[in-house]
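Trainee: Sequence:
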Amino acid sequence: MYLSKFQLTTLKETPSDAEISSHQLMLRAGMIKKLASGLYSWLPLGLRVMRKVENIVREEMDNSGCLEVLMPAVQPGELWKESGRWEQYGPELLRMKDRHDREFCFGPTHEEIITDLARTELSSYKQLPVTYYQIQTKFRDEVRPRFGVMRSREFIMKDAYSFHTSQHSLQQTYDIMYQAYSNIFTRLGLKFRAVMADSGAIGGNSSHEFHVLADSGEDAIAFSDESDYAANVEKAETRPATDKRPAASAQKTVVDTPDQHSIEEVSQFLDVPATRCLKTLFVAGSKKDTVVALVLRGDHELNEIKASHLADVAEPLCFASDEQIQQVTHCSAGSLGPVGLTIPVIADYAAIQVADFVCGANEDGKHFTGVNWERDCDLPTTADLRNIVEGDASPDGKGTLSIVRGIEVGHIFQLGTKYSEAMKATVLDENGKAVTMTMGCYGIGITRIVASAIEQNHDDNGIIWPTSLAPFDVAIAPINMQKSEDVSNTAIKLHDELTAAGLDVLLYDEKARLGGMLADLDLIGIPHRIVIGDRGLKEGKVEYKKRDAEESQEMAVDEVISFLTT
RNA sequence: CGGGAUAUAGCGCAGUCUGGUAGCGCACUACACUGGGGGUGUAGUGGUCGCAGGUUCAAAUCCUGCUAUCCCGACCA
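Residue numbers for the first sequence follow my numbering, so the first one is 175 and each next one is one higher.
Hints were generated in silico from the structure; no laboratory data involved. Hints may contain errors.
[Unchecked claim] The calculated label-pair distances, taken between Cβ atoms and stated as ranges, are:
1) V317 x D538: 17 to 23 Å
2) G690 x D570: 51 to 57 Å
3) D236 x T294: 21 to 27 Å
4) N357 x V317: 31 to 37 Å
5) S423 x S506: 28 to 34 Å
6) S211 x G714: 52 to 58 Å
[What the hints assert, rightly or not] Below, in silico cross-link-like pairs of lysine to aspartate or glutamate (EDC-like), each with a Cα-Cα straight-line distance of 16 Å or less:
7) K426 x E266
8) K208 x E193
9) K179 x E548
10) K418 x E548
11) K179 x E684
C-beta: ideal position from N, C-alpha, C; glycine also.
Starting from the given sequences, assemble the full structure and let the hints guide the process.
Mentor: Below is the structure:
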């Protein structure tokens, strides 16, 4: 491809409304252009990358035995009413009416449509299992679209749906999809992790999220250094400690702590590490007008989802009001502690492991030091109340946990019969009896992958594409091509021969100074770059540099060709 | 939906307080010079100042209403 026949519109300045690197770089490189909030046009350069992602996904899905279909983006409301989601789905569902006043929506997902397809197309167990997939535009009317195509309203997704007559068969396909997803992200050249989702709720391996690792990711994920365990931080469980609590060595003492409320303040004021301070939070109980005390180690954070699942605690979680706290303790939040409380007390597993701890004295401006469970107050019931932190033991008992940030780009889960039952999707089994099909569902955010690949691979100069995603494989930057026949001939020769060898080559044949060319090529992230100049050609050499290499190297023209094509 | 901000050329911004015929940088066009990281010069193109009303001899500027966009929060696959 000659640049003069392509379209490259790069920006030197960063558009002001782009916050994260991938968004800024996609705009600067001229990959996308915003049309309205959450809506983007894909320009030629960006589309090339997206097609690469699509093709890899498509190949791996095909290799896994899935069948590609294409369903309408606009869907009749009728089907959504049948599944019950017309009412359930909030304003995120873009609803509309046609000229006959019939209701439709722009599909945010396709369970209803595929289930309708399956119930009319499939009639025998002999046709199962089957997995359909499509690569298609979705629309979700996000409350707050942001970060460019990372969280846009219209986006492209690969969604797949499988149909089975047994849980066993579903599990088999699920495992195949898990492997296919791993293959896809490996081929894309991305650092990723499969992470357990909904662990506990449905149990077992019923749901996994696939995350691309990047510091700017919206999710925090915990993984073990010695096993495959990996989970979303908000879902990762902590376990009761197996060690014995250290023996008490200090006396319980009341100390004045005027105006010291937060753990940070108290810990600094008394010069006691936060790990030896306990924080006590009052929340609404599950019975009306009751209050429950939750006790956590000072350096830990309450996990509101875990807490709200406890039988004694109201769901959703609701913190006690100042009046309620006053009623129970005659003091205000900031001086609360578990000593002498008459309301139910639930402590986190880690909190009861602390000896000689600091806690509020339930009296304004006073704290206890040297408090010990059992000796100074009853041992409370214990539960998993907190967010897991770096260094915690892995819940599977193997290794310790590290925490990294990730961008969710894939999700596989077992749907069961939620849709097939509501929509009466059945086939006849061996005995000629109608059975409701069991379903699985597998999504990959195509457009989000493009953005997350950039989040994971860029530097100050621009994007560094993994080779499998790059819009072009090789870029040729000829110095003064318009004036030097040597340079021009070599550039064209390189372009033609590399292209003939099956590489996507971009020849910078427009008039520009070298600095301009290099800045452009670094920005758009082409993996291999060849600079050609008269000076080097006198020695028969051109200059080759890999995008992420520190230094360039001199090579003979033929050498470069064989280097890049073998 | 709550809080905050912005809207002037394709992009980044000044001008608004104090009303008087639209500015700067980048990009773009033409020509010349220019071999190592967005170079220089000369000459150009491009804007009914988000929209609608009002005040005024006169509105980008003051007033009213609306719309769009962004940020923080809540919500959410």
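Trainee: So, for every hint listed, does it hold in this structure?
Mentor: Verification of the supplied hints:
The hinted window of 17 to 23 Å between V317 and D538 is violated, with their beta carbons roughly 40 Å apart. As the Cβ distance of G690 to D570 is approximately 54 Å, the hint placing it in 51 to 57 Å holds. About 24 Å separates the C-beta atoms of D236 and T294, a value consistent with the hinted range of 21 to 27 Å. Between N357 and V317 the C-beta distance comes to about 34 Å, which sits within the given range of 31 to 37 Å.
The given range of 28 to 34 Å is respected by S423 and S506, whose C-beta atoms sit roughly 31 Å from each other. The beta-carbon spacing between S211 and G714, approximately 55 Å, falls within the hinted interval of 52 to 58 Å. Between the alpha carbons of K426 and E266 the distance comes to roughly 55 Å, so the proposed pair goes past 16 Å and is violated. With a C-alpha separation of about 14 Å, the suggested pair K208 and E193 falls inside the 16 Å cut-off, and the hint holds.
This hinted pair does not check out: K179 and E548 have alpha carbons roughly 80 Å apart, beyond 16 Å. This hinted pair checks out: K418 and E548 have alpha carbons roughly 14 Å apart, not beyond 16 Å. With a CA separation close to 10 Å, the supplied pair K179 and E684 stays within the 16 Å bound.
Checked against the numbered hints given earlier, this structure breaks hints 1, 7 and 9; the rest are met.
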